[in-house]
Amino acid sequence: DAMVIQNPRYQVTQFGKPVTLSCSQTLNHNVMYWYQQKSSQAPKLLFHYYDKDFNNEADTPDNFQSRRPNTSFCFLDIRSPGLGDAAMYLCATSRGPESWDEQYFGPGTRLTVT
Amino acid sequence: AQSVTQPDIHITVSEGASLELRCNYSYGATPYLFWYVQSPGQGLQLLLKYFSGDTLVQGIKGFEAEFKRSQSSFNLRKPSVHWSDAAEYFCALRVNAGNMLTFGGGTRLMVKP
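Quick note, the sequences are listed as chains A and B, same order.
By the count of this note's numbering, the first sequence reaches residue 114 at its end, each step adding exactly one.
By the count of this note's numbering, the second sequence reaches residue 1113 at its end, each step adding exactly one.
If you're looking for bench data, these hints aren't it; they were derived computationally from the structure.
Heads up, the beta-carbon is just placed ideally off N, CA and C, and yes, glycines get one too.
Check before you lean on any hint, since a few could be wrong.
[To be verified] Within a straight-line C-alpha distance of at most 30 Å, the following computed DSSO-like cross-link-like pairs (lysine-lysine) qualify:
id, chain 1, residue 1, chain 2, residue 2
1, B, K1049, B, K1112
2, A, K44, B, K1049
3, B, K1049, A, K38
4, A, K52, B, K1061
5, A, K44, B, K1061
6, A, K52, B, K1068
7, A, K38, A, K17
8, A, K44, B, K1068
9, A, K17, B, K1061
10, B, K1112, B, K1061
[Claimed, not checked] Quick partial rundown of chain A residues pointing at chain B, CB under 7 Å, derived from the structure:
id, residue
11, L21
12, A42
13, P43
14, L46
15, D51
16, W100
17, F105
18, G106
19, P107
20, G108
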């Protein structure tokens, strides 16, 4: 089945140690998104790629970076994780950037920072 | 700027009872509206969406939602709740100007046997 896959599902990293989260999709969608969802809160968009064009949300910390080497893969890099970065990170895709294009979400990666 | 409010943080209903989850939005025009469900430790699954046309939309798992422009609301309903419906429910909107999904704070649904 076509889907959005996130690896790993659970990631533990140390304070200040760089970590990379992975997302892949078999939907051949043009747009990929990264959301941060803290406990008992709504998901918050960090950034998205429309094809190779990177779009950063204004309040996304510089500590968060992203790479999209090809259509199928997108990575979230946290350069120096702090305790406040512990959260669920959700990847999503959509066929296009239009407002009516449905977003398909992966199962998420839960990040713990020790 | 647009916003979404879900007034109920927690709701508990008995299995077999009817359900209504409230969602109010703030936006100058008609937005694109969505309801997502999130089971514990899982990603979000789209239940239904409203773009235009019939204001009563049907979704998966027996859910429906009604768009009421006069009340700026998009409430989610289900006539008979099943224990497997226990989850977090998010209302969200998108507007023409951008890609961002604006989410409400979520409503956690618990189902009593």
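Checked hints:
| no. | hint | result |
| --- | --- | --- |
| 1 | B/K1049 <-> B/K1112 | holds (28 Å) |
| 2 | A/K44 <-> B/K1049 | holds (19 Å) |
| 3 | B/K1049 <-> A/K38 | holds (25 Å) |
| 4 | A/K52 <-> B/K1061 | violated (36 Å) |
| 5 | A/K44 <-> B/K1061 | holds (26 Å) |
| 6 | A/K52 <-> B/K1068 | violated (38 Å) |
| 7 | A/K38 <-> A/K17 | holds (20 Å) |
| 8 | A/K44 <-> B/K1068 | holds (26 Å) |
| 9 | A/K17 <-> B/K1061 | violated (42 Å) |
| 10 | B/K1112 <-> B/K1061 | holds (19 Å) |
| 11 | L21 | violated (13 Å) |
| 12 | A42 | holds (4 Å) |
| 13 | P43 | holds (6 Å) |
| 14 | L46 | violated (11 Å) |
| 15 | D51 | violated (13 Å) |
| 16 | W100 | holds (5 Å) |
| 17 | F105 | holds (4 Å) |
| 18 | G106 | holds (5 Å) |
| 19 | P107 | holds (5 Å) |
| 20 | G108 | holds (5 Å) |
The structure shown violates the earlier hints numbered 4, 6, 9, 11, 14, 15.
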